[in-house]
Amino acid sequence: MTKPQNESKNTELRENQVIVTAKRALGINKFYIAIAIIIGFGVLFFLNPTYVNLSIYSNSSNHSINASMDMKTPIGGNNALGVPLLAVPFSVLPMMMLTTPMVILFVYDKDNGVLEYLLSLGMTQRRIYTRYLKAALLIAGAYLLIFGTLNLLYSFVQFGTTYLSTMLVILGIGALIAVSTVAFIITMMMIFSSLQKSRSGGNQPLAISLGLVGVLPGYFIPFILSYNTAIVVEIVQGAIIAVVALSLILMSPRLINREKFLP
Amino acid sequence: MHTLELDNVNSGYNGKPVLHNISFTVKESSVYVVLGPNGAGKTTLFRTIAGIIEPISGRILLDGKDINSSNAVRGDINYLSHYNALPEEMTVYNALRFYAGMEGGDPEKAIDLLGLHGLRDKRVSDLSQGQKKRVSIAKVFLKDRDVYLLDEPTANLDPGLSKEIRDLILKISKDKLILYSSHNLYEATDIGMNLILIKDGKLALFDKIANVRSKSYRVGIKASKDITKIVDAKKDSNGYYVLNVSKPKEAGLALKKIVEKGILVTEMRELDNPLQELFGDGGK
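Protein sequences, first through last, are from chains A and B.
Going by the numbering used here, the first sequence opens with residue 1, and the numbers climb by one from there.
Going by the numbering used here, the second sequence opens with residue 1, and the numbers climb by one from there.
No lab work stands behind these hints, which were simulated from the structure alone.
Computed from a predicted structure; not experimentally measured.
Misleading hints may appear alongside valid ones.
[To be verified] According to the in silico footprint, chain B covers these stretches of chain A (three or more CB under 8 angstroms from chain B):
hint: 1; segment: 108–114
hint: 2; segment: 235–246
hint: 3; segment: 254–260
Where a beta carbon is used, it is the ideal one built from N, C-alpha and C, also for glycine.
Between the sequences and the hints, there should be enough to build the whole structure, so can you do that?
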């Protein structure tokens, strides 16, 4: 075999490692994927339209109930509450469910000696975590793309272009918080799994609970802040979660000894 | 030719040392049997050399370069663990491809080397323990390395396959450094030329296996008639007349006496492995 052919074969073998990991996670447990899809459709058909419409009632100065009926009143304005953003934390829930198969895969790979072998290949703790994290983010990204598009299409079909800008804001902030929360949960769960001396099974609920704590402000902010302020606060919230997750990943070689990856 | 040097290595888990002041140098391409009872520290030694765990103190040098200094140096070493480390949901080919994607190498070559053609499209989860072990070994030979650390590679394999694997390793060892751990004394004498004995986390012996001499030998003889009146032997439950001698020559003299009495000797063998006493206090 000639050198270029070899190189092409190696490239073919080397590429898609993240995709391979994502596929493995999706194949290892389909229950959580089914739950995520069900919640995703629930958010699509009920929650997003409901919260977007509810915003009309929360806006006492700029809009009227009548205005909401004709579905043509733009949302926002300095005095309007951020009620539509209540859809954001709900949009994040399915992606939190999608993190679970990745953590199951991580624990499985740890118990089966795969992580030990990756260490023997010279991978650092950070590289190993990043590998699973990227795959989790790929799954979350695929979900966001599919359900984001469906959300926009549904909104367009139901309400025309009236709420498209609001939907885009919800989806944008939702994507930011979802990606950062997924990164945070995955990182925390992997760290918990690494630190466990024996399988106790408590890492998933613990990390998801911590993830929920990160998402929790999203349920209150829309009721106490104006729409525009709520957008800024939620962007900051997403950024903080992302920074915490990133810091944990960067510090992982110091935080977690290599032997914690051994079966 | 490559040189692997361990310089006063202390290593263990969570800061607690399992290995104490291990120092040795291997230069000659060969199979080095790392022998020791369970819990002696063989796996910890391999994990430390493979760079999986960092030594608490001391250095591990491959051709003069610290293995913990760069991935390139560690890339010359490959490690076969007790654990198969195979993605069970994949086929054999895809599992090898999965690793080839990370470390390079050719899955087809590894399949050829271990004779895995019949298993190629089977899911790893459907394989027997022995078959999984073969695939796991194939994974280690995906890419050509200078040093192989094989931690009990024939565990879970039937005797025929164990022999095949040992023959393969011997073939490869012509220009490689191979550290091969075992607690099976007979396997050690079958494959190894050199012995690294680990006991209680310390290096108890580093020598050629040929230089290991037993203090006493138990020789088993199967004969057509009772020989207990001719030589000082006792019959055991396996039908052997057991003779204790201090030198191999004494066994020969005993055989001569028996044959001179017109008794047919059908079998004569050493009942204990000369390495056996190393597991006791003899190796200290």
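Given coverage of the segment 235–246 of chain A by chain B, tested with a Cβ cutoff of 8 angstroms and a minimum of 3 residues = It is violated: at least three residues are needed, and the segment 235–246 of chain A offers just 0 whose Cβ sits closer than 8 angstroms to chain B.
Proximity test - 8 angstroms, beta-carbon atoms, the segment 254–260 of chain A to chain B, at least three hits = holds (count 3)
Taking a Cβ-to-Cβ distance below 8 angstroms as contact, does the segment 108–114 of chain A have at least three residues touching chain B?
-> Holds: 4 residues of the segment 108–114 of chain A have a Cβ under 8 angstroms from chain B.
The structure fails to meet hint 2 from the earlier list, while all remaining hints are met.
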